[in-house]
Every structure is written in structure tokens, then in C-alpha cells.
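A.B. asks: Sequence:
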Amino acid sequence: MAKSLDYRPSSPSMKGRVSGEARSVAGDVAGRARIRSTGGSGPAGKETGMEQRKLGKTGLQVSVLGFGCGNVGGLMVRGTPEEQRAAVSRAIEAGVTYFDTAAMYGNGLSEQNLGRTLTELGAWGRVRVGTKVRLAAEDLRDPAKAVRDSLVASLRRLSRDSVDLLQLHNPLRTASDGQGGVGREHLAAAADGLQAAVREGLCGHAGFTGLGDTEAVAAAAAGGRFETMQAYFNAINPSAGYAGRSGGAQDLGGVIDVAAGQGLGVIAIRVMAGGAMTGEERRARLASPSAGPALVQGNAYEVDVSRAVWRQALARELELDSALELSFRFVIAKTAVSTALIGFSDIDQLEQAL
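Heads up: the sequence shown at position 134 corresponds to 134 in the working numbering, and the numbers run straight through without jumps.
Simulated restraints on C-beta separations:
1) Ala-153 x Gly-223: 19 to 29 Å
2) Asp-348 x Trp-124: 20 to 30 Å
3) Arg-90 x Asp-192: 37 to 47 Å
No wet-lab data here; the hints were simulated from the structure. All C-beta atoms in this analysis are idealised placements derived from N, C-alpha and C, irrespective of residue type, glycine included.
Could you put the whole structure together from the sequences, leaning on the hints where they help?
C.D. replies: As C-alpha cells, this is what we get:
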């Protein structure tokens, strides 16, 4: 995937063979993106072989490929210390500078394992790390306190005094629903807690996860309280980047452009649709048994697998190596995306992404 490629499909016959909303969008833009381009400088000021992009107005530079440490891929939750060290070391060697974790990944195991691995490698000065806080229903009585308490626990697991980025992990609703969805009345208090943590020096920047009701997500992106947004964005449902092109699922209304217009750094998530873009229902050894509930309405894993049947044919048409390369190039062709997260189950998957 590291090869330089600047290919745009223009053949009418090819476009006819890969018709459909997602296919059309993917075919139009996937070939433009370059993973390595001319490289850039990482956090330590050293040149890397991978493109580094601005994370909005935060002042941070992050690699266009982000290392996802979540439960779905599972490497940083269920892998051995040796497997984790080998993968993280290889990623940093290749120029990956952004690592994403969360308190809820493996009930804290992801943070613990990532912190231990980066410490063993002496790599903290070469990377940026973001973690997340998810508020339970009882936390809504005092969201600001819950944010701080969660962050302090995360820092303990990471063995750090501060982290580069803290993001709210809850879906957003017009009103809190008692099932994890945070409404506007509680979002403001959570944002207060995030910004207080920044002032206290416990985290460098504050963001949120752009899941939930489309209107609520757009309002948060435009509200001026956050510096980053995680956006659900892939070739099956690209509507966060291209409004109206949802593939029959929830239309996320082009919220990436809303966020970028406000200077937010955009972190693309579910780039591989929880693995559905591979077209395989069989899960990798360290992957979660399932991709979990749909993060976006209408994008259940089994349905997305069936929607992705065009992936290999289109990848061949574009002279790409795999559906993984197609998916990743499609996402990073959206220049408003700062980094695209991919979660790995093993080092072979990492090598494919590189």
C-alpha cells in the first residue's frame, strides 16, 4: 500500500461496471490519495516516511494512518506483550505517530498495554496518544466530575501525567436517553469537564465522537466547544464526508466538512466498517467475536458485508492491492480527514495497511 499511485478512473465502461453510490464515490476519489507522499515531521521533529497532517487547530501533527487500539481488532486488548511490542515498534518505524485508545477498550486493558509498550520502547516522545471517556447514566448527575475521574484512571493505566487528546465517547442525542446517549443539556457539562482537564494540564486537547443523531452531531461540531471530532466514514456509508450518499443507512449529512470548517481535527473511525470491507464473516484470532452493535443506524456488520461485495473488483479496476488499500485510500482522499484509524488483529494486517 505504500507505493505511490495517482490514478483516477475515467473510463465510462469501468464506471458502468461499478455503479452505485458508494462505488461511484470510491471510484472517483480512492486513487487520488497517497499514503506516503513526501513524508513529514513527527512529534519529535524527525522526518517520517508517512504523510503527517494537521489535527485541525490543535497545533498537533498526526500520521494519516492512525493505530487503533480498540476491542474490534483486539491486538492491544488480547495480544501477547510480544505481539503488541512488535506491532507498535513496526508502526512507529513506518511513521505512524497517532495511537487511539479508550477507557472502555478491554475495561482498561488497551490503555494499560499501550502505556506499557510505549514505555518499554521509549517512544512517548515520538507519538501522540488520544483516549476517551464514556459517561454512564449515573455520571450525568455530574458529568464534569465523571470526566475528570475517568481521565485520572486512564492516566494511571497509561502511566502518564497527561495525554495529548481526550474525547467524549458517547453518542449524541437531542436529549439524554438513559442508554448512553448524551443530550445537549449534559453535553455542555461534559464539555466543561473536558476543558477543565485541559486547563489542569491532564490533557492537551478536547474532542468528541460524532455518533448519534445527525443534527446533534452537527450542532456539536459547529458549537465551538471541541477541537476534534471522530467521524464514522467508510466506502459503504460515506455520508459523513459526502452528504446524501449513505448507501441506504443513516445519512450523516457531511458533518466532516462542518467540523473542518470550524477548525476541528477529524479522526476517521470504522474505516473498514468493523472489518466488513474485507467481505469475510470469519473473524481474526484476536478480533472480537463480533463487530458489536451498529454504530450508525442501518450499518450492521452482516448487512455491510453484503454491501461490500463490489470491493475486490473495484480494487482491481483501480490497480490497488486489496480492499484494505481501497478503503484506506478512499477515506484519506478526503483532505479534511486528519488521520484514519485502523484497528489491527496482528502485525500482518498492519503490514498490509503500511
